[in-house]
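Peer 1: Here is how the chains run, residue by residue.
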Amino acid sequence: ETGVTQSPTHLIKTRGQQVTLRCSSQSGHNTVSWYQQALGQGPQFIFQYYREEENGRGNFPPRFSGLQFPNYSSELNVNALELDDSALYLCASSRGGAGSNQETQYFGPGTRLLVL
Amino acid sequence: GDSVTQMEGPVTLSEEAFLTINCTYTATGYPSLFWYVQYPGEGLQLLLKATKADDKGSNKGFEATYRKETTSFHLEKGSVQVSDSAVYFCALRKPGANNLFFGTGTRLTVIP
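First to last, the sequence lines map onto chains A and B. Residues in the first sequence are numbered from 1 upward in steps of one, following the numbering used here. Residues in the second sequence are numbered from 1 upward in steps of one, following the numbering used here.
Just chain A, same shape as in the assembly (with noise of 0.2 Å):
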């Protein structure tokens, strides 16, 4: 059984750029949520992805959105990147969805993001 993955694990990118993150949930997952984690915080809830649909979301801006693919891997993208962007953009997946007592979430390694 394979974990959760992401790529890149690193990134540099300059501001006002556009960045896609990448997740593959684990095998048999197919609920996938994002966090951001900034230096020395604890991660924060962007939004999650049901069924290739948005369930549930954070207080993130609009430039941040994603995607979920039929194989429920899924994408963050953001635009119009600001400095404070910078993170550790963690993926996590679960099994489960709306309003089902999901199960525990599991997270991939991370993509560091710069924004210089």
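Be aware that a few hints might be false.
Partial selection, computed: residues in chain B whose CB lies under 7 Å from chain A [as the list claims (entries may be wrong)]:
1) E42
2) G43
3) T104
4) T106
Okay, the calculated beta carbon distance ranges per label pair [as the list claims (entries may be wrong)]:
5) B:G1 to A:L83: 24 to 32 Å
6) A:E103 to B:E8: 27 to 35 Å
7) A:R57 to B:P95: 30 to 38 Å
8) A:N79 to B:T109: 35 to 43 Å
9) A:A38 to B:D2: 13 to 21 Å
10) B:T26 to A:A80: 33 to 41 Å
11) A:P70 to B:T20: 45 to 53 Å
12) A:E53 to B:S14: 48 to 56 Å
13) A:T20 to B:G1: 26 to 34 Å
14) A:R57 to B:T26: 18 to 26 Å
15) B:G1 to A:E54: 41 to 49 Å
16) B:D2 to A:E52: 22 to 30 Å
Hints in this document: simulated from the structure, not taken from any laboratory. Note that beta-carbon positions come from the ideal geometry of N, C-alpha and C, so glycine has one too.
Assemble the complex: chain A is given as a structure, and chain B must be docked to it using the hints.
Peer 2: For chain B alone, kept in the frame of chain A given last:
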């Protein structure tokens, strides 16, 4: 609103010392509670969890008991090892909610 408060770090202990990392929470209803660990340069790993009051989660010598009366989920280990050096995060998930809500983390360093 919902919140998780962890004891501030960093925490430095000698090998074989007893560890306690305090965690208290504020949430309506009966959240599930979790401890995640983040080793240097890695993502988060689930360490243990508890889903209802008085449940005890345990794993790799770590334990935490869900205390509804004190809204706490303190992490303990009787004898830490150098390999336990990491950042520990307490988190909650409210019933029916999609997301985890994390504390700010506590960095543990164990010295030989």
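Peer 1: It remains to establish, for every hint, whether it holds in the given structure.
Peer 2: Verification of the supplied hints:
no. : hint                        : in the structure
1   : E42                         : 6 Å, holds
2   : G43                         : 4 Å, holds
3   : T104                        : 5 Å, holds
4   : T106                        : 10 Å, violated
5   : B:G1 to A:L83: 24 to 32 Å   : 27 Å, holds
6   : A:E103 to B:E8: 27 to 35 Å  : 31 Å, holds
7   : A:R57 to B:P95: 30 to 38 Å  : 19 Å, violated
8   : A:N79 to B:T109: 35 to 43 Å : 39 Å, holds
9   : A:A38 to B:D2: 13 to 21 Å   : 19 Å, holds
10  : B:T26 to A:A80: 33 to 41 Å  : 34 Å, holds
11  : A:P70 to B:T20: 45 to 53 Å  : 46 Å, holds
12  : A:E53 to B:S14: 48 to 56 Å  : 51 Å, holds
13  : A:T20 to B:G1: 26 to 34 Å   : 32 Å, holds
14  : A:R57 to B:T26: 18 to 26 Å  : 22 Å, holds
15  : B:G1 to A:E54: 41 to 49 Å   : 22 Å, violated
16  : B:D2 to A:E52: 22 to 30 Å   : 28 Å, holds
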